[in-house]
Amino acid sequence: MIHRGKLAQIHVAKAQLGLGDDEYRALLGRVAGVSSAKELTDRNVGAVINELRRLGFKPRAPKRAGRVPNTFNKHEQMTKIEAQLADLGAPWEYAQAIAKQQFGIERIDWLRTEAQFRAVIAALDVEQEKRALLAAIDTELAARHQTRDQLASQLSLPARWQRDRRLMRTLLERFETE
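Numbering-wise (the working numbering), the sequence shown opens with residue 1 and increments by one.
Possibly wrong hints are sitting among the right ones.
Simulated restraints, written as ranges between beta carbons of each label pair [as the list claims (entries may be wrong)]: (1) 163 <-> 75: 23 to 33 Å; (2) 145 <-> 88: 27 to 37 Å; (3) 163 <-> 142: 15 to 25 Å; (4) 55 <-> 79: 16 to 26 Å; (5) 91 <-> 139: 39 to 49 Å; (6) 75 <-> 131: 37 to 47 Å; (7) 128 <-> 75: 17 to 27 Å; (8) 107 <-> 3: 48 to 58 Å; (9) 92 <-> 155: 31 to 41 Å; (10) 18 <-> 80: 56 to 66 Å; (11) 113 <-> 92: 15 to 25 Å; (12) 163 <-> 118: 14 to 24 Å; (13) 93 <-> 53: 56 to 66 Å; (14) 135 <-> 93: 21 to 31 Å.
Derived from the structure by calculation, the hints contain no laboratory data.
Note that CB positions come from ideal geometry on N, CA and C, so glycine has one too.
Please model the entire structure based on the sequences and the hints provided.
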């Protein structure tokens, strides 16, 4: 006996092609040597389905075909962003500005893909790191009774040195060796 799905496919093909009972049984007899689809075996069911396709049967795609559902948890991503904003002391508008700059999307809650959320979270991570590095530099400067301006002048730092993570890491390494 054949799988119920194959049996159903044969009956759908019969209906789609508008085959009468006599025509249908003649087709089964001619192709597989049986008088009923229930008598088909796994070996001859393929021949019957191929014959039905040759006659014009167009099988539908299985239900599982198509777009993969979006299974990531948007709520978790929003919670992560909220925590990062709280850590930075920044408002939601800050994250919305990042979303607009990166994707042209006005509101953070309009983001749809996991990649979009990851990009905003990564941008917030970078900002957190910049602020942490700057705080560490400020601590070192306070211990040396120096200001940022004095440091910038002394080392001829570029105007926006406080935004350059690599430069700030280098400064901290230099402080550690002195």
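We went through each hint and held it up to the structure:
no.: 1; hint: 163 <-> 75: 23 to 33 Å; in the structure: holds, 32 Å
no.: 2; hint: 145 <-> 88: 27 to 37 Å; in the structure: holds, 28 Å
no.: 3; hint: 163 <-> 142: 15 to 25 Å; in the structure: holds, 21 Å
no.: 4; hint: 55 <-> 79: 16 to 26 Å; in the structure: violated, 57 Å
no.: 5; hint: 91 <-> 139: 39 to 49 Å; in the structure: violated, 26 Å
no.: 6; hint: 75 <-> 131: 37 to 47 Å; in the structure: violated, 26 Å
no.: 7; hint: 128 <-> 75: 17 to 27 Å; in the structure: holds, 21 Å
no.: 8; hint: 107 <-> 3: 48 to 58 Å; in the structure: holds, 49 Å
no.: 9; hint: 92 <-> 155: 31 to 41 Å; in the structure: holds, 37 Å
no.: 10; hint: 18 <-> 80: 56 to 66 Å; in the structure: holds, 57 Å
no.: 11; hint: 113 <-> 92: 15 to 25 Å; in the structure: holds, 20 Å
no.: 12; hint: 163 <-> 118: 14 to 24 Å; in the structure: holds, 22 Å
no.: 13; hint: 93 <-> 53: 56 to 66 Å; in the structure: holds, 59 Å
no.: 14; hint: 135 <-> 93: 21 to 31 Å; in the structure: holds, 23 Å
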